[in-house]
Amino acid sequence: MQEGQYLPQSIVDPDVTSPERKEIRINDFAFKLANVNGTGSASANGLLMQAIFRMGIPVSGKNLFPSNIQGLPTWYEIRVNKAGNTARALDYDLVVAMNGQTYERDVREVRAGGYLLYDSTWPLDPHLRREDIAILGVPLAAMCNENFREPRERVLMKNIAYAGALVAILHIDMDVVEELLDEKFAGKKALRESNRKALRLGLDYAKEYFAPLPFRLEKMDANRDKILIDGNTATALGCVYAGATVAAWYPITPSTSVMDAFKEFCDKYRQDPETGRNNCIILQAEDELAAIGMVIGASWNGARAFTSTSGPGISLMNELLGLAYYAEIPAVIMDIQRVGPSTGMPTRTQQGDLLECAYASHGDTKHILLFPANPAECFEFAVKSFDLAERFQTPVFMLSDLDIGMNDWVVPRLRWDDSYRPDRGRVVSAEELEQISQFLRYSNEDENHVAARTLPGVDSRAAYFTRGSGHTKTGAYTEIPEEYQEVVDRLARKHKAAAKFVPEPLIVKRPGAQIGVVTIGGCDLAVREALDGLARIGIEADFLRVRGFPFGESVEAFLRDHDVCFVVEQNRDAQLKVLLTNETGAVKEKLRSVLVYGGFPLSAKHVIEGIASQMGEWKNAVHQ
Amino acid sequence: MPSISKPTVIHPSLRRNELGLTVRDYEGSMSTLCAGCGHDSITAALVRAIWESALPPHMIAKVSGIGCSSKTPAYFVSGAHGFNAAHGRMPPIATGANAANRELTYIGISGDGDSLSIGLGHLCHAIRRNLKMVYVIENNGVYGLTKGQFSASADVGSKSKRKEPNRMAPIDPVALGLSLGATFIARSFSGDKEQLVPILKAAMTHRGFALVDVLSPCVTFNDHEGSTKSYMHVRNQARAATETDFIPEASEILATIGQNGAVNVTMHDGSMVSFKGVPPDYDPTDREKVFSFLQERQSKGEIVTGILYIDETVPDLHELSGTPNFALTKLPYEKLCPGAAALEELQEEYR
Ligand SMILES: Cc1ncc(C[n+]2csc(CCOP(=O)(O)OP(=O)(O)O)c2C)c(N)n1
Ligand code: SF4
Ligand SMILES: [Mg+2]
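Here the protein sequences come in this chain order: G and D.
Using my numbering, the letters of the first sequence map in sequence onto residues -9 to 614.
Using my numbering, the letters of the second sequence map in sequence onto residues -3 to 347.
One or more hints might be untrue.
[Unchecked claim] DSBU-like, lysine-lysine: derived pairs with alpha carbons at most 35 Å apart:
hint	chain 1	residue 1	chain 2	residue 2
1	D	Lys159	D	Lys143
2	D	Lys159	G	Lys486
3	G	Lys595	G	Lys580
4	D	Lys159	G	Lys258
5	D	Lys331	G	Lys216
6	D	Lys143	G	Lys463
[Claimed, not checked] Taking beta-carbon pairs under 10 Å as the criterion, some of the chain D residues facing chain G (in silico):
hint	residue
7	Ala57
8	His83
9	Gly84
10	Asn97
11	Arg124
12	Leu172
13	Thr309
14	Val310
15	His314
16	Leu327
17	Arg347
[What the hints assert, rightly or not] Using C-beta positions, here's what the derived DEER-type ranges look like:
hint	chain 1	residue 1	chain 2	residue 2	range
18	G	Lys174	D	Ala171	48 to 58 Å
19	D	Leu176	G	Lys486	45 to 55 Å
20	D	Met55	G	Gln428	15 to 25 Å
21	G	Val417	D	Arg20	28 to 38 Å
22	G	Ser419	D	Leu342	27 to 37 Å
Everything labelled a hint here was simulated from the structure, so no lab data went into it.
Backbone N, C-alpha and C fix where the C-beta goes; we use that ideal spot for every residue, glycine too.
For reference, chain G alone in the conformation it holds in the complex (with noise of 0.2 Å):
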């Protein structure tokens, strides 16, 4: 670039030297790219969080998209914390603002005394200037019209160009971006040199005219033993090592993205090296009722199988899955929740769908539910599952989440015990079976209430008639009240009994609390890290997130324990405390809600707003 090519066209800092900008921040701060989706946006922003990744800094990235291909706003937000909060900020010192549409609110979101950056190429509508913030212009398209030719690389290196800004501006490592660049340009030497100039382009702008942001990168060593990876990743990868050979699936947003890396991880493991066979199947089924009958009819047959699906999927499936609860046939199904109801927001995150979950299904039908909070525990629940699910021969669901599944995590690396065997359940062999005189389906329950299944294909001795109608203990047809209570009854049994094989709750106790929180799922950073602002406040509280349903002593015992808890949820109708109060022997007036369900990942702000509004109340109620 030649020395004063491009002169930026505004730059507003009223007070980079005034003392407080002079303080500076490492490794704490939060940024928002506004993009426009289709643009190509997404790869700059994921280049930005590895390389922070990779400069072992804790750090998250939320995509923030719209349910569109082409056009629509989208945003990528990126926190750094060194102590690891990295729960959503709500707070950004930096906008890099892309998108004419969002401008004005873009512009809004920085907080006071933070940055903005944009592309100066045209000129900033004066309406839209804030004297409380700096304005960082950048001719990102002109760089980009007069460096490269095509017109969609053009649009595409703009986005390489605003990262190569970055760099400069945040101090993030170069050499890190320059080994991801050539990671993954291997082998495409005419895309690596594009990219290699677009960053630069951005680079060399940013250092010529501004000064690095008092808030900035420092290398540290917060990753070493971490992985940067989704939640729907996370959970292909644990269908895997479950031995699942049977997928089902319908594609649906935010689930899709599971069977993609199924389908990616079998073709890597699952293809056999002497025959070349495949040692898995996967079915697209023609929707979703499809894809949970196909899991039963697996499961039925001794396979671990297992269907990914959101809501609406659910919504669907309620049919089968009061078949297998009934019939007692195992089915894995990960939800990946969406917002709802109907097709809802597609894109956004919302945790909705847990009462339609424990509870799908005309007729008493309760079910087994696992409730990850990051890829991490995707990958061990996902496994889980398949052990639950065949251990008590029924439908077992885990809840992820879109922000979950959808965003990279940086988790602790994922670990296999090589000695881990599936617990396959209850099922008689062909040999067990010359050791009985007879075999009835629904009887001999053991401590668990569980009875054993056969296996088609085994022993005509040991086949029965698999039926959703009323039956006896022995499998025969029934409409006889006190047969199909039995049986009815001895379910309601097992769905306790399970209690204790769901994975515990995890819970932090913090002295002198006064109050309890219990939080679900991908809460869980946003709520850990409002214990600690709620404690600057002066108000310590207990930690518990449910991990698991049926709910087991523990929980009970905390919500007992405590006079009050707040419920921490991302839905309007507190579905987790709902079912608490219904599963528990909880008092209901000692539930009080924090609800935030608009659709965006949690912040640790909502959590510490919701809880410290309520405490005045809350005491005046237990004082009256």
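Since the structure of chain G is already known, use the hints to place chain D with the ligands on it.
Relative to chain G, chain D with the ligands alone:
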């Protein structure tokens, strides 16, 4: 469905098949359907066909939806596992079951309500996947179990018991199968065991999805005058378009085939379907010809029966999916889990 067990006295004169089993070994519990229901005759034909084919009972899986017809898997081969699924949902259950264990012979029983209304989508997709199974539609033109409403297979003008005519065009499973690319299509009549048994035997050897539409009068709700699915009407209008022999060992009869202008189709397992009497110009392997033949005959009110179409060249779901030639459930866990070392290595990609 109440199941009443039958006395298991075996008449000494009963013949035994290759496995040393008698027909009685292929029966199920006592039917609780209405006396004279067509479905019971189909059950009897199935028992016969499976016995003659000498399938080991435990290597059969019976699947069905919901309806009078879907109850019938309880009435044959009690030594086979059965799965009475939900209304219209048998094809997905069968697909998953077959995906997990391709070694079993899948026999699906459905009704016209089960297959042509609530489960129509699933049926179409099972056809598309060429799922290896026998799929019998016990077709009576009504919903028997919910007491006689018209089903989607009711013909235009066919009258209900209350004398109200059906006015909507029927969905014909045979025409549907042809248009979707089904690879084995047959139609028969519950009252014609002579024809039905060899059809079922051939269907069991088919490489993929064998669609068998069997007209099966409902004596209680659709056997009156004015109904086109009554015994009387079907008996009068049924015309066997093809007469077939099913020959289990093709090699035995190689000398005689190719004579009398007969068309022979070798099935996937090496057995053979020999079309003896075929109308001039009829080729059971030519989809278009079969289609126009059926159109023409059906427009005259004929009910065309027999094995109408076969294509043994199309791979089934497993062949399409490149799975092993044995049950996936037989794969030991050690082959399925990549292990700790692989996980360590893989995670280098997530850095
Ligand atoms: C979801 C659902 N809807 C409705 C029913 C009620 N139902 C039971 S059987 C049946 C129709 C059966 O008709 P068909 O499949 O033709 O069998 P048929 O009784 O005639 O043999 C209906 C509508 C049901 N069991 N499930
Ligand atoms: S109602 Fe009709 S279909 Fe049902 S059992 Fe009776 S005769 Fe058969
Ligand atoms: Mg019917």
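Each hint, compared with the structure:
1. Under the criterion of a C-alpha separation no larger than 35 Å, the hint pairing D:Lys159 with D:Lys143 is consistent with the structure, at around 15 Å.
2. Using a Cα cut-off of 35 Å, the hinted pair D:Lys159 and G:Lys486 is violated, with the two alpha carbons roughly 54 Å apart.
3. Taken as a hint, the G:Lys595 and G:Lys580 pair is honoured in the structure, with Cα atoms around 23 Å apart against an allowance of 35 Å.
4. For the proposed pair D:Lys159 and G:Lys258, the alpha carbon gap of about 63 Å is over 35 Å, so the pair is violated.
5. With a C-alpha separation of about 28 Å, the suggested pairing of D:Lys331 with G:Lys216 holds against the 35 Å cut-off.
6. This hinted pair checks out: D:Lys143 and G:Lys463 have alpha carbons roughly 30 Å apart, not beyond 35 Å.
7. Of the supplied interface hints, the one on D:Ala57 holds, with its beta-carbon coming within about 5 Å of a beta-carbon of chain G, less than 10 Å.
8. Interface restraint check: D:His83 against chain G, minimum CB-CB distance 8 Å, threshold 10 Å, status holds.
9. Against a cut-off of 10 Å between C-beta atoms, the interface hint on D:Gly84 holds, since the closest Cβ of chain G lies about 8 Å away.
10. The beta carbon of D:Asn97 comes within 5 Å of a beta carbon in chain G, closer than 10 Å, and the hint placing it at the interface holds.
11. The interface hint given for D:Arg124 holds, since its Cβ lies 9 Å from the closest Cβ of chain G, which is under the 10 Å cut-off.
12. At a threshold of 10 Å, the smallest CB-CB gap from D:Leu172 to chain G is about 15 Å, leaving the interface hint violated.
13. Given hint, D:Thr309 at the interface with chain G, is violated; its Cβ is 21 Å from that chain's nearest Cβ, farther than 10 Å.
14. For D:Val310, the suggested interface contact is broken, since its CB lies about 18 Å from the closest CB of chain G, more than 10 Å.
15. Among the interface hints, the one on D:His314 holds; its C-beta lies about 8 Å from the nearest C-beta in chain G, closer than the 10 Å criterion.
16. About 5 Å separates the beta-carbon of D:Leu327 from the nearest beta-carbon of chain G, less than 10 Å, and the hint is met.
17. Given hint, D:Arg347 at the interface with chain G, holds; its Cβ is 6 Å from that chain's nearest Cβ, closer than 10 Å.
18. Look at G:Lys174 against D:Ala171: about 54 Å separates their beta carbons, and that is inside 48 to 58 Å.
19. Distance hint check: the CB atoms of D:Leu176 and G:Lys486 are about 47 Å apart, consistent with the given range 45 to 55 Å.
20. Taking 15 to 25 Å as the suggested C-beta distance range, the pair D:Met55 and G:Gln428 conforms, at roughly 21 Å.
21. One distance hint, 28 to 38 Å for the beta-carbon pair G:Val417 and D:Arg20, holds here, with the actual separation near 29 Å.
22. In this structure the hint that G:Ser419 and D:Leu342 lie 27 to 37 Å apart at CB holds, the actual value being about 34 Å.
Against the hints set out earlier in the document, violations occur for numbers 2, 4, 12, 13, 14.
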